[in-house]
Each structure stands twice: as structure tokens, then as C-alpha cells.
Amino acid sequence: ILNVEQSPQSLHVQEGDSTNFTCSFPSSNFYALHWYRWETAKSPEALFVMTLNGDEKKKGRISATLNTKEGYSYLYIKGSQPEDSATYLCAPYSSASKIIFGSGTRLSIRP
Amino acid sequence: NAGVTQTPKFRVLKTGQSMTLLCAQDMNHEYMYWYRQDPGMGLRLIHYSVGEGTTAKGEVPDGYNVSRLKKQNFLLGLESAAPSQTSVYFCASRPQGQGAWSGLAKNIQYFGAGTRLSVL
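Chains P and B are the protein sequences, given in the same order. Residues in the first sequence are numbered consecutively from 1, following this note's numbering. Residues in the second sequence are numbered consecutively from 1, following this note's numbering.
Honestly, the hints are just simulated from the structure, not real lab data. Just so we're clear, the structure is a prediction, and the values are computed from it rather than from any experiment. Even for Gly, the Cβ is constructed at its ideal location relative to N, Cα and C. Hints may be right or wrong, so weigh each one.
Said to hold, decoys possible - Which bits of chain B does chain P cover? Going by a derived footprint, with three or more residues having C-beta under 8 Å, they are:
id: 1; stretch: 71-84
id: 2; stretch: 107-119
To be verified - Covered stretches of chain P (chain B as the covering partner; in silico rule of three or more C-beta atoms under 8 Å from a C-beta of chain B):
id: 3; stretch: 25-31
id: 4; stretch: 40-52
Stated by the list, open to error - Simulated DEER-style distance windows between Cβ atoms:
id: 5; chain 1: P; residue 1: 12; chain 2: B; residue 2: 52; range: 39 to 49 Å
id: 6; chain 1: B; residue 1: 8; chain 2: P; residue 2: 16; range: 33 to 43 Å
id: 7; chain 1: B; residue 1: 83; chain 2: P; residue 2: 56; range: 22 to 32 Å
id: 8; chain 1: P; residue 1: 67; chain 2: B; residue 2: 59; range: 34 to 44 Å
id: 9; chain 1: P; residue 1: 40; chain 2: B; residue 2: 118; range: 43 to 53 Å
id: 10; chain 1: P; residue 1: 40; chain 2: B; residue 2: 2; range: 17 to 27 Å
id: 11; chain 1: P; residue 1: 41; chain 2: B; residue 2: 72; range: 23 to 33 Å
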């Protein structure tokens with residue numbers, strides 16, 4: 001079973017500030033990595049799909065990078081807004097079928 | 001387009017009772033998953049299925065059984081509920097993809113709205 005670690009577990013950021021957090025995973029047997037955004041009382045929704053070492057993805061103010069050789073991915077949020085408050089989950093694939101989620105980073109934006 | 005539908009949305013059980021949670025998807029997806037979500041622990045995989053008639057164990061399978069008799073449905077059963085099974089349960093599905101692994105890897109999961117289960 002893939003060991004996935006996300007840090008920090010929780011983060012409180014002032015509105016307008018930028019922030020980032022990390023997903024770490026074993027670099028062997030890597031297929032792909034997904035980032036999900038999970039708002040309270042809703043279902044997780046996919047943000048990014050990352051497959052190649054050096055991948056960089058961007059969606060508005062949110063971006064992500066991937067380093068498969070050292071086994072980590074960063075998620076960045078520029079100019080945080082209250083609507084960014086959510087739990088961000090990473091999910092590396094260790095096989096084509098089984099997906100293991102990290103425990104998530106809970107982000108709260110202070111107005 | 002309903003996507004992934006979970007029933008029921010809420011349920012309260014007494015210890016020792018049994019119940020079945022239903023997950024239905026209308027997207028013709030091959031893969032289906034059951035997760036449980038507990039405070040501070042993210043999503044933990046209970047069981048999954050890679051196609052009709054197949055099931056496999058995830059991280060925390062004990063105390064649960066599953067069946068995938070029809071492609072669109074994935075059932076999660078609790079034979080004798082315990083307080084430790086109090087949780088929010090999420091079902092997800094995704095397509096198998098086409099051809100090379102990169103196609104498989106890019107297919108994201110679609111989640112249901114969750115079932116909140118309390119075992120007293």
C-alpha cells in the first residue's frame with residue numbers, strides 16, 4: 001500500500017496571502033497523481049491530473065508541480081480568497097486500479 | 001445526468017444490526033470504490049471493483065462486504081454494525097480509459113454525496 005503524507009494537516013491563511021502545501025509519496029511504482037478539492041458538506045472534486053516528472057498544472061490562482069524522482073507534489077494558491085477554504089487531497093496511483101488518498105490539508109482563509 | 005448516487009444519505013443503526021449502502025452510477029464506468037471518511041484521516045479505501053462481478057480489498061476492508069452484480073451498482077454491506085463503523089461513506093467511480101497506462105492514469109474519480117452512518 002502506498003504511503004502518502006500531506007503536510008501541513010491544517011493551515012490558516014490571511015485573505016490575499018499566497019500559500020502552498022505538500023504531498024509526499026514513494027517514488028517507486030508511480031503511475032500518476034491527482035489533486036482533489038473537498039469543500040465542507042460536499043463531495044471531493046478533481047483539480048489536477050499529473051503524470052510526468054516536472055509537470056506543472058494551473059487553474060486560475062491554483063497551480064501544482066510534480067517531482068516523481070523525489071516523490072512529492074506541491075499545490076500553490078496565489079492571493080487566497082475565502083472560497084479557497086477547503087480540504088485539499090492528493091491521490092497518487094500505485095497501480096492502475098487502486099488509488100490511495102492522503103489525509104489532506106485543511107485550508108482556512110481568514111477575511 | 002445524475003452521476004454517482006448514494007442511498008441512503010443518513011442512517012442510524014444499533015450495534016449488531018445489518019445494512020446495505022447502495023452506490024449507483026450512470027456513466028458506464030468500469031471502476032468503482034467505497035471509502036470511509038473519519039476526522040483527521042482523509043479518505044480510506046474499503047473495497048473497490050474493476051468491473052462487473054469483481055471486487056478487491058482496500059486499506060480497511062474488515063467488517064464490510066461488497067458486491068458488483070451489475071456494472072452500474074456497487075453495494076457495501078455491514079453484516080453486524082459496530083460503533084467503530086460510525087463514519088461518512090463515499091462512493092466513487094471512474095472510467096477504465098483507453099489503451100496505454102497514461103490514459104488510465106488521467107481518468108479522475110467522480111464522487112457521490114456521501115452517506116452519514118451512526119452506529120449506537
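Of all the hints numbered above, which does this structure not satisfy? Sort the numbers upward.
Failing hints, ascending: 1, 3, 7, 8, 9.
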